[in-house]
Amino acid sequence: MADLIFYIFAAFTAGSALAVVLTKNTVAAALALLLCLVGVAGIFVLLDAFLLAALMVFVYAGAVVALFLFIVMLLDVQGGVRKPFKKATIVSSVFAFILLLLGLASFAHKGVQTTGDLGAAAPVGATLKSYGEQLFTTYLLPVQIVGFLLLIAMLGVIVLSKKFEGLEDIK
Amino acid sequence: MFDFYFNLPLIVRLVVQAGAVILVLFPIAAACSMAERKISAWIQGRPGPNRTVPPFLAWVPVFVPFLQRLGVFQLAADGGKFVFKQDPVPGHVNKVYFILAPIIAMIPALSTIVVVPFGAYVDSAGKLVPIVLANLDIGLLAVFAVSSLGVYSVILAGWASNSKYSFLGGVRASAQLVSYELAMTLSVLPVFLWVNAPGGQGTLSLFDVVQLQSGVGLHWNSVWFIGYFPVSAFIFLVALFAETNRAPFDMPESESELVGGFHTEYGAFKWSLFFVAEYCHMVVGSGVFILLFLGGWNPLPGLPLTALVDLLHGVIPFATHPLFMGLLGIGIFIGKVILSIFFFMWVRWTLPRFRYDQVMDLGWTKLLPLSIANLVIYTLGIAGLALLQK
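Taken in sequence, the protein lines are chains A and B.
The first sequence begins at 1 in our numbering and counts up one residue at a time.
The second sequence begins at 1 in our numbering and counts up one residue at a time.
Only chain B is shown next, with the shape it has when bound in the complex (with noise of 0.2 Å):
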């Protein structure tokens, strides 16, 4: 079976591949929608949604109730809400850019998982090989570059929909999206100067990230890179609520006071998209947060994924199969990524939003020289080390 799949045409196998990854990815965004209002619900002590059931499945005893009490045919039935409702495009906007904008919010989002591994297998050679669309030899970059495409959808929506709310929404969208890339881009210098050191194979690519963060036991390789550099970690995801537009700074949307922001005069199926591209913004953006600073799909500090396998090869034979190690590292990979979602949810219904001024401010007076200060310090240190060790 293996070696048919291996003797397909490359072109073949990559179709498949995406398809693969993007049908993954676009349920796991949209289930994001319903976890996100059953975990606000929750934190609000709430029930959430808890009545909707198909009747055909009504009947069918235990199962059934538990999975509507946990609201999960509410998702199918607000999914097909979301794609037979009327679909009105109001009179006064941009048509074109109207309805350009949420496709364009879609690309960006579902690009850029291309350069993120999300797990690996040890292959016939006996080499760890990393399950990733594109191994590209400047991950990192490629996903901050076309990340940051995604700011044209929220600008373009904004300005198309004709309205003074829309359009302050996508004004403020382009000066958040522009400002904390900067200090995104800064935050990770010193984790790829550390990985980079002198002497070694230059690379951005997310997959050597990890491969430093899976020392066996007690070693220097054993402990993440949020242990190492806790201040890069916490200002990539303050950045990244901030990429992301999510509370405490979803100042494009703050339904508060712009009514809708930049998705105000969208509804049914567009709207509905920019959510999902906002859910995969998420998923990908805790997937390189994950990469970088925790472990990638390594189960603990000091157990590597390798090691995990070899501990269970003892209990199941079939462990050290690729197949089942793949597996179980995106399995590990994408609990994280869960996690880490649900922290993202837990922040949005924690922390009130911030002011428009308060965003700015935080963004170029604070995190910038934070992060400057910081990448100063490592590059000092790190020289420092290489000089020790000659």
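So that you can see chain A by itself, here it is in the shape it has in the complex (with noise of 0.2 Å):
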């Protein structure tokens, strides 16, 4: 039963992805990557990651597609003539495929768990509070740094959309 939700979902998530990437009306896009999140917050709870899936579903679902919708809607984008690639786009691509394809084996190589009965072990993100306890104590560091490249991103959007007219402004 699990395993077939676990299909179903895994087949919307990556159709719905594909159809983000394929499709040429550009609030069709943003709206099969609504879909697309659903689908992973959908395998977020089968996995019993509730939190997960909740703040899947409320910080992007919920307002970060928005915010593309009202972007995509107030420009009016069409999609038109695409312009042709730049070689650095092709060299990265190609690079970001083989890390894809190496990520992918070492799943196949290494993400079998042989030994050991996966449902007995305790999860560690089960309870909200062993979430809490987790992200406070062994992953403060990657916290403290997405904390702070968040912290840069807010500073960049205000440098760049706050109008500086004159000097006394950016002082």
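It is worth saying that the hints were derived from the structure and are not from the lab.
In this text, a Cβ means the ideal position worked out from N, Cα and C, and glycines have one as well.
Among the hints, erroneous ones may be present.
Under the rule of at most 35 Å between Cα atoms (straight-line distance), these lysine-lysine pairs were calculated in the DSBU-like manner [as the list claims (entries may be wrong)]:
id, chain 1, residue 1, chain 2, residue 2
1, B, K164, B, K81
2, B, K390, A, K129
3, B, K164, A, K162
From chain A, some residues computed to sit far from chain B (all C-beta separations above 10 Å) [what the hints assert, rightly or not]:
id, residue
4, K129
5, L150
6, L160
Cβ-Cβ distance ranges computed for the label pairs, FRET-style [stated by the list, open to error]:
id, chain 1, residue 1, chain 2, residue 2, range
7, A, L46, B, V62, 21 to 29 Å
8, A, D48, B, T365, 20 to 28 Å
9, B, V376, A, A10, 40 to 48 Å
10, A, L46, B, N135, 13 to 21 Å
11, A, A96, B, D87, 42 to 50 Å
12, B, A134, A, G147, 47 to 55 Å
13, A, I158, B, I377, 21 to 29 Å
14, A, V21, B, Q44, 52 to 60 Å
15, B, T379, A, L99, 56 to 64 Å
16, B, Q358, A, I158, 16 to 24 Å
17, A, I8, B, P61, 54 to 62 Å
18, A, L18, B, K85, 36 to 44 Å
Grab the two chains, each in its own frame, and use the hints to assemble them into the complex.
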């Protein structure tokens, strides 16, 4: 049963992810992204990671895609003629593809659990409390780094969007 | 009978329960539209709808004229009209999204109720069990997550209608809903800091919040959370008005500026779906407010449902029966929800609409800093209490 649901969600996620890339209509692409995120949230639920699923829907599906749609509708972007790829784009996409293959290969090679029952091990993130404890003890440094990155992005947005008129504004 | 029910397969029971919840929620939401007309009439000193009566009932004395004056039959007439009248799709719209939008409106509106508990009963083991479709650990977060999807119906409706008034309504909705989500989420954090006091089991479940408001008599748990967290309750309520697009925050609609806002091009059944969805959001939203701040299914502060049932046990012998207790709890909860919806309507017909820049200003420069300050003060206070207890 759980396997079947997993396949349904996986196919749903992959299908809508393809639709994001392939569709010409930008609004349809944003909506397909929304479906894709909901599918990912569904897979998180299957993994008993309810918090991640809720955050996925709340932050990404609820707010980020809404802002995407907002921008897409405001600019009224139409799919036109695509510019030819730059050399840097081609090189980096080939590099990304090799990385992806390596990642998949490592999953296939190392990702198989041979010993012990997976269901018997107590999951780390099953309860909210263990999530919180892990985030503030074991994973404190990554959390701080991500927070710092977000701060940089926020400052960047403020600098880019604020109109500086005179020298006084900059000071 | 109970054994028969509990022996059914889980999936059958879940489908029956979900169907029952929707069968209650949907008519309440529909009846709200009638109540809205009657209450607005009462506030403005008009009689309101009081003429409609089905001809085959008109001969019944006293009772039917009473319902007629209440306008109950107007509800049936309105519902019938929405189903049977012509449902035009204007030629200039983007058809797929135009038809999709009202359907999308209904999905989050009806599915948020899944994690909202609306009653409780004592089972045979003497343990208090919530009446809820899914008592998730992340309760409130799931409500926020699913209800945040409600914005898409308004955005899509506005965009697909291909008319500038609809479009403005949709754009306003997306900005407004995203803005007030922040203040709303931050405003409930102090409540959960308190619920998850040091040493407790981490939870965001709404049932546990109500449990901490169920003290008997003079007890520190007897105070409903609106007493402990008045600022949180106020911010949550204001954000709730904004999130449900109710006046004075009905920016996406604002019929005096945008004709009808996002639903200008809609008519008949599709239009009514938007409204049922809005009322469903109101019902669920005020349900969450009641669970968080107004004691949930407990009738009075200091007199929780369990104590009330024990008191009633002296008068009515079957009062402690789980079925009676469950129905009593649900009744009290729905009563509170109805009072809260009356408050929603009262505000709508009393306050004038904000201007759009005022809405944004209130959200970002007043409510958001206020909720952050509220959070910091309560964090310090709760940490101080925890230190004192050590």
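Hints, one by one, checked against the model:
1. Between K164 of chain B and K81 of chain B the alpha-carbon distance is near 28 Å, which keeps this suggested pair within the 35 Å criterion.
2. Distance restraint check for K390 of chain B and K129 of chain A: the Cα-Cα separation of roughly 21 Å lies within the 35 Å cut-off, and the hinted pair is therefore satisfied.
3. Restraint check: the Cα-Cα separation between K164 of chain B and K162 of chain A comes to about 28 Å, which is no more than 35 Å; the hinted pair holds.
4. The Cβ of K129 of chain A sits about 3 Å from the closest Cβ of chain B, inside the 10 Å cut-off, so the non-interface label is violated.
5. Consistency note on L150 of chain A: stated as away from chain B, and its beta-carbon is indeed over 10 Å from all of that chain's, at 14 Å minimum.
6. Taking the minimum C-beta to C-beta distance to chain B, about 18 Å, the non-interface status of L160 of chain A holds against the 10 Å cut.
7. Range check, L46 of chain A to V62 of chain B: about 58 Å between beta-carbon atoms, so the 21 to 29 Å window is missed.
8. Judged by the Cβ atoms, the range 20 to 28 Å given for D48 of chain A and T365 of chain B is violated: they are separated by roughly 41 Å.
9. Restraint check, V376 of chain B to A10 of chain A: a C-beta distance of roughly 43 Å satisfies the suggested window 40 to 48 Å.
10. Between L46 of chain A and N135 of chain B the C-beta distance comes to about 19 Å, which sits within the given range of 13 to 21 Å.
11. Range check, A96 of chain A to D87 of chain B: Cβ separation about 48 Å, and the 42 to 50 Å hint holds.
12. A134 of chain B and G147 of chain A have their C-beta atoms about 32 Å apart, which leaves the hinted 47 to 55 Å range violated.
13. At roughly 27 Å, the beta-carbon separation of I158 of chain A and I377 of chain B lies within the given 21 to 29 Å, and the hint holds.
14. Distance hint check for V21 of chain A and Q44 of chain B: the Cβ-Cβ separation is about 54 Å, which falls inside the suggested range of 52 to 60 Å.
15. The hint said 56 to 64 Å for the Cβ distance between T379 of chain B and L99 of chain A, and at roughly 42 Å that hint is violated.
16. Checked against the given bound of 16 to 24 Å, the beta carbons of Q358 of chain B and I158 of chain A, roughly 23 Å apart, stay inside it.
17. The beta-carbon spacing between I8 of chain A and P61 of chain B, approximately 59 Å, falls within the hinted interval of 54 to 62 Å.
18. Take L18 of chain A and K85 of chain B: their Cβ atoms lie about 41 Å apart, and the range 36 to 44 Å holds.
In summary, the structure is inconsistent with hints 4, 7, 8, 12 and 15 from the numbered list given earlier, while agreeing with the others.
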